[in-house]
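2 protein chains.
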Amino acid sequence: MRIRTLGSREFAWVLMGALVGMGPLWAQGDNLLPQPAKTARQEGRLAIAGSFRVGLQGYVEPRLRAAGIRMVDRLAQQTGIPMDSAPLTDPAQATLVVRCDHAGEAVQSLREDESYRLEITSRQARLEAATPVGVLRGMETFLQSVRLDRDGFGVPAMTIDDKPRFPWRGLMIDVSRRWIPLPIILRNLDAMAAVKLNVLHWHLTDDQGFRVESLRFPKLHQMGSDGFYYTQQEIRDVVAYARERGIRVVPEFDVPGHITSWLVGYPELASRPGPYTVDRALGIRDPALDPTRDEVYTFLDAFIGEMVQLFPDEYFHIGGDEVTGRDWRENPRIQGFMREHGMKDHRDLQAYFNQRLLPILQKYGRKMVGWDEILHPDLPKDIVVHSWRGQRSLAEAARHGYMGILSTGYYLDLMQPASLHYGVDPLGDGAAGLSESEQARILGGEACVWTENIDMENIDAADWPRSAAMAERLWSPAQVKDVDSMYRRLEVVSRQLEWMGLTHRSSSRLMLERLAGDGDPATLRRLAGALAPLNCDVRRRVHPYTSLTPLNRLVDAIPPESDAAREFDHLVEHWPANQAKIREQLSQWKQVGAEVAQLVHGSALLQEDVPVAASVSAVAEAGLQALDYLEHAKPAPKAWVAEQTALLDRAGKPQAEMWIVIVPSVRKLLQAAEAGK
Amino acid sequence: MRIRTLGSREFAWVLMGALVGMGPLWAQGDNLLPQPAKTARQEGRLAIAGSFRVGLQGYVEPRLRAAGIRMVDRLAQQTGIPMDSAPLTDPAQATLVVRCDHAGEAVQSLREDESYRLEITSRQARLEAATPVGVLRGMETFLQSVRLDRDGFGVPAMTIDDKPRFPWRGLMIDVSRRWIPLPIILRNLDAMAAVKLNVLHWHLTDDQGFRVESLRFPKLHQMGSDGFYYTQQEIRDVVAYARERGIRVVPEFDVPGHITSWLVGYPELASRPGPYTVDRALGIRDPALDPTRDEVYTFLDAFIGEMVQLFPDEYFHIGGDEVTGRDWRENPRIQGFMREHGMKDHRDLQAYFNQRLLPILQKYGRKMVGWDEILHPDLPKDIVVHSWRGQRSLAEAARHGYMGILSTGYYLDLMQPASLHYGVDPLGDGAAGLSESEQARILGGEACVWTENIDMENIDAADWPRSAAMAERLWSPAQVKDVDSMYRRLEVVSRQLEWMGLTHRSSSRLMLERLAGDGDPATLRRLAGALAPLNCDVRRRVHPYTSLTPLNRLVDAIPPESDAAREFDHLVEHWPANQAKIREQLSQWKQVGAEVAQLVHGSALLQEDVPVAASVSAVAEAGLQALDYLEHAKPAPKAWVAEQTALLDRAGKPQAEMWIVIVPSVRKLLQAAEAGK
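Protein chains in written order, with my numbering: chain A, 1 to 677; chain B, 1 to 677.
If we strip away everything but chain A, and leave its shape as in the complex, we get (with noise of 0.2 angstroms):
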């Protein structure tokens, strides 16, 4: 089968499926994600029974002996079996020997060292790193080897010496745009931990909601939240829970845009008069600090000075991005004063407010980081940028001597395949001419999730499991990116996080069956498996959003990514030999047309979907047709196929905010019927 002309959308799919030399689904086969550095298998496995328990060597701290007690309840729930976690203090009895050299940080950095060495026997495993994090990284890792296979539960025999390839890798989650409760952070949190991620970065402020309560400046919180915050008790909840499982949290106060939130209880920081309410618009908007006055800093100083004791991580995130500039133009006295400093523009202003900002955090023993806007050759090296620009940006500020992390092709609420994620590389494209030294000013990386059109009920969709191909992407050598192998492990890994409390498979199921209304939900359910979400930016503009619209939508209910739509593209791949699943799974996308169009009269939320879903029964008609014709080795005639090219071109056009995505693989069908073969 050849592939044709297809839109930049289907690309990506078609190049994911050209990626995937999928081998089955459920094949055997190592499960750890990301992949250690080196490992080294043996013969023999090592059984895990009722009698495991962890042994506790060398230093010891009540956080190496926490994480052995969770280590074992997980087990205990992986396997279903009843297990004494208490850890032990004689090795001789342990079936894992945990040995840790030292402390570590007071306060995790990026410097802290996470590498560790898993020794497993048949007799027994070991468990070795100089620090606690590194041990936590560790268990992770025997988690993940536990396997229920032919003889029971059991870890192979294998040695593995493992760290991390970069030394930031984040989880972004902004809690702003939509509220998201404290469970929600914590089980992220958790999830992140199993896949070695490291740094929660914590957007907590944005023109719709300032989510941490000051004792300084109550009114951030009081006025600026609907009274959706998280209060200082809670967000040190967080920091410990997070330093348990080895993760830094670092905050982010995004200045001097996207503050409106702030400007509702304290109007006079702000460049234009107020008053400010709760901006429920979305998209860039124009209030900005003033920073041409001292109270504004003054401000900041107190405001920095609180935030400090509830964060201890070095690095303060100040956001920085999108900065309009406009209501500093409109206003005559800032305009003087960028005319008396010579300033030529709302860039040089904004330089100059980092500038004032940064002895501030300096101060207080902290760090900028910041969106690439931030980027001046004022500011010192020390300095982070975070891009959301791209490779080459981040490469340019790495030539210049600056530390920068990588977004671009990491934004989450863009919904787009693991695959391409998992493509990203932060030393990929313009960082490939870097020096050595050069490149190690390339920290990582964090994913990131903006909750413009994303809420409580689908953030865990968001975030999991696609964060965990990334996380392997930051982990593991450069060499591993077989995309075959990491959506293998990626299904499991997806089934773990769910014993863990995620929800980004449950949810969907819930919110599937609410759309349903009383009707049967397993129709919703197959159709979702022939869709995937426009990207957020997109949805933006074809519909009036704020962040009080319900999210209640069939393109809300659905994941990111269809595993229904992958493997079917796999089964088309591989055309003939799959001939008949192609056409059970064809014949049922058929059906969901007219089983929508019943639906419909018992759930008005289904309405813009019923040309939707006719729409795929449309799709999969044509490929069921293109099968006939493929199965009797007789090539199409031109005007069926251009009829039928004419509807996939259709169809692949967004419908009430979804793709259909198994346009291409369809198409693909199409294709191989015009040429006969």
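Hint data in this document are derived by calculation from the structure and do not stem from the laboratory. Don't take each hint at face value.
Because identical chains share one entry, a pair is satisfied inside a single copy or across any pair of copies.
Claimed, not checked - In the DMTMM-like style, the derived pairs of lysine to aspartate or glutamate whose C-alpha atoms are separated by at most 25 angstroms in a straight line are: (1) K219 - D84; (2) K163 - E438; (3) K581 - E595; (4) K634 - E43; (5) K163 - E674; (6) K581 - E621; (7) K219 - D484; (8) K219 - D382; (9) K581 - D520; (10) K590 - D628; (11) K219 - E306; (12) K367 - E330; (13) K344 - E314; (14) K219 - E61; (15) K677 - E513; (16) K344 - E396.
Could you slot chain B onto chain A? The hints should help.
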């Protein structure tokens, strides 16, 4: 189709099939469960939108305000529409006006007024109740009334006048044999409130574990719990959480038998010398308190004095069941005491024990509840007899002036269909001949979940949704007993419970995924549809269970009742209309034999299920062959019928502690094929 000889288990299923005049499962209609005492429908509907607000009128207290917030939060979740949950004081603005007349009892009792009136028009809804508990009940009714239809979310215009039939509607949870963590208790309280159950009977101690922190006698929880117990603060939290939901908490401290866990720390209370260890074995055990020693009563006095501080309910459950008397018989000093007091057997000694216990309870203002065995003419009439022996023994007690509650027929661990429990009426059977005042002594009933073969993973599935069927029996008028309607509404409630965090469905999925190892769990989901677990009593006879035995087998993962099998039976009952569907379902079941034979290579846990799956395949094949005969409208040959009947007889026997529950339905097909129609 006529039904012929069937075994007793089969009979239950067939009976159910016969009762179930099932309309389409997803039919439109009233979703209320339990059904209100009186409902009058009017024209029109009240639309539910983001502007929904609750207003509070009349008597207001924090419990009502919290209930208002919780209700709107749940409505927002149910609809996916963001809402402002803060209650209004100006009713003009409110969508739902709540008017409460006066405060409820300081400690909710049997006599609390739970009635309410709900009036819904197309403009506004009005909920009136004498007490906050009545308001809570009405709010649940309102939430259940909200439906998605072709016009969006709304509530039909209607007037409901509602009050319960029985004042004691409980769920008993055994947390001793297997540890049930706090969050599970809390979410079960949420579920109870949703279906208007009003008593959590908390079976806190037994041979296998003592689950409450005692400051007075700390060796009770320290030595008797393996570290798994609720702190006093947690107990207080549960009691407060329950009160917020209109639920009483009745603690059970089972004495004088079922006592081993107490004796680990305090062997001096026992009837035979120690030392004792926490008992891992299940079933009826011999250890008992020594009723002849004053120190035992001194201990109980101090202990109960401590516990009544935690549990304010007027009733205190003292268990009292299953005393074997062996340890009393084998202790010469106790034998001497019995002779001295003219006691002829251990029942007399237990009555003596209860008579000495009674004034202790009375001193603390508590009334005694105990299982059947406590009934004795010397006890006062304000005790409550908790019947596990049946309606006749309950009626007998009522005739003698005792109050009683029923649990016979409500044991969830017997793994019977909801329809069976639904058919059990506390005033049915033996109670039929009681006078009105005698009937009034029958206070209600309790669903019971004993945890010999149930643990934290599958307890939700044991409890829900079947408890909801019992809740209707206890709340709604006696004439509400349409099984078809009950199952339809049970499905709706079951979905709603998952939104509330109950895991009765999701946990089964996860457990099946675990069983599948790296294999495809879809096969096991199909297989599960043909199966039901044996009842726990029977399981313990065929397998040497202890309280530490892993519950990770197929029998533990499948739900107590198969929806698929019930729906299949319905299809068969309405053959030939459903011919194609019956064939499709049987074809799927036919495949599971080969599929599980494949899966077992990657899962030792499935070994015992290979023959089960093979039997299911064979049963399905028999059904398919019967269909062939039926479709050709010719009587099946006698030899074939005999052979298949023998096959079904074999397949109807338990395997791997499960039943193949589609056997009765296939038997019907066989009988029809034999008759040629």
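Hint check:
no., hint, result
1, K219 - D84, "between (49 angstroms within a copy, 20 angstroms between copies)"
2, K163 - E438, "within (21 angstroms within a copy, 75 angstroms between copies)"
3, K581 - E595, "both (21 angstroms within a copy, 16 angstroms between copies)"
4, K634 - E43, "neither (52 angstroms within a copy, 61 angstroms between copies)"
5, K163 - E674, "neither (51 angstroms within a copy, 70 angstroms between copies)"
6, K581 - E621, "both (15 angstroms within a copy, 22 angstroms between copies)"
7, K219 - D484, "neither (51 angstroms within a copy, 56 angstroms between copies)"
8, K219 - D382, "neither (33 angstroms within a copy, 57 angstroms between copies)"
9, K581 - D520, "both (24 angstroms within a copy, 15 angstroms between copies)"
10, K590 - D628, "within (15 angstroms within a copy, 28 angstroms between copies)"
11, K219 - E306, "within (14 angstroms within a copy, 45 angstroms between copies)"
12, K367 - E330, "neither (32 angstroms within a copy, 77 angstroms between copies)"
13, K344 - E314, "neither (33 angstroms within a copy, 79 angstroms between copies)"
14, K219 - E61, "neither (40 angstroms within a copy, 28 angstroms between copies)"
15, K677 - E513, "neither (41 angstroms within a copy, 39 angstroms between copies)"
16, K344 - E396, "within (23 angstroms within a copy, 96 angstroms between copies)"
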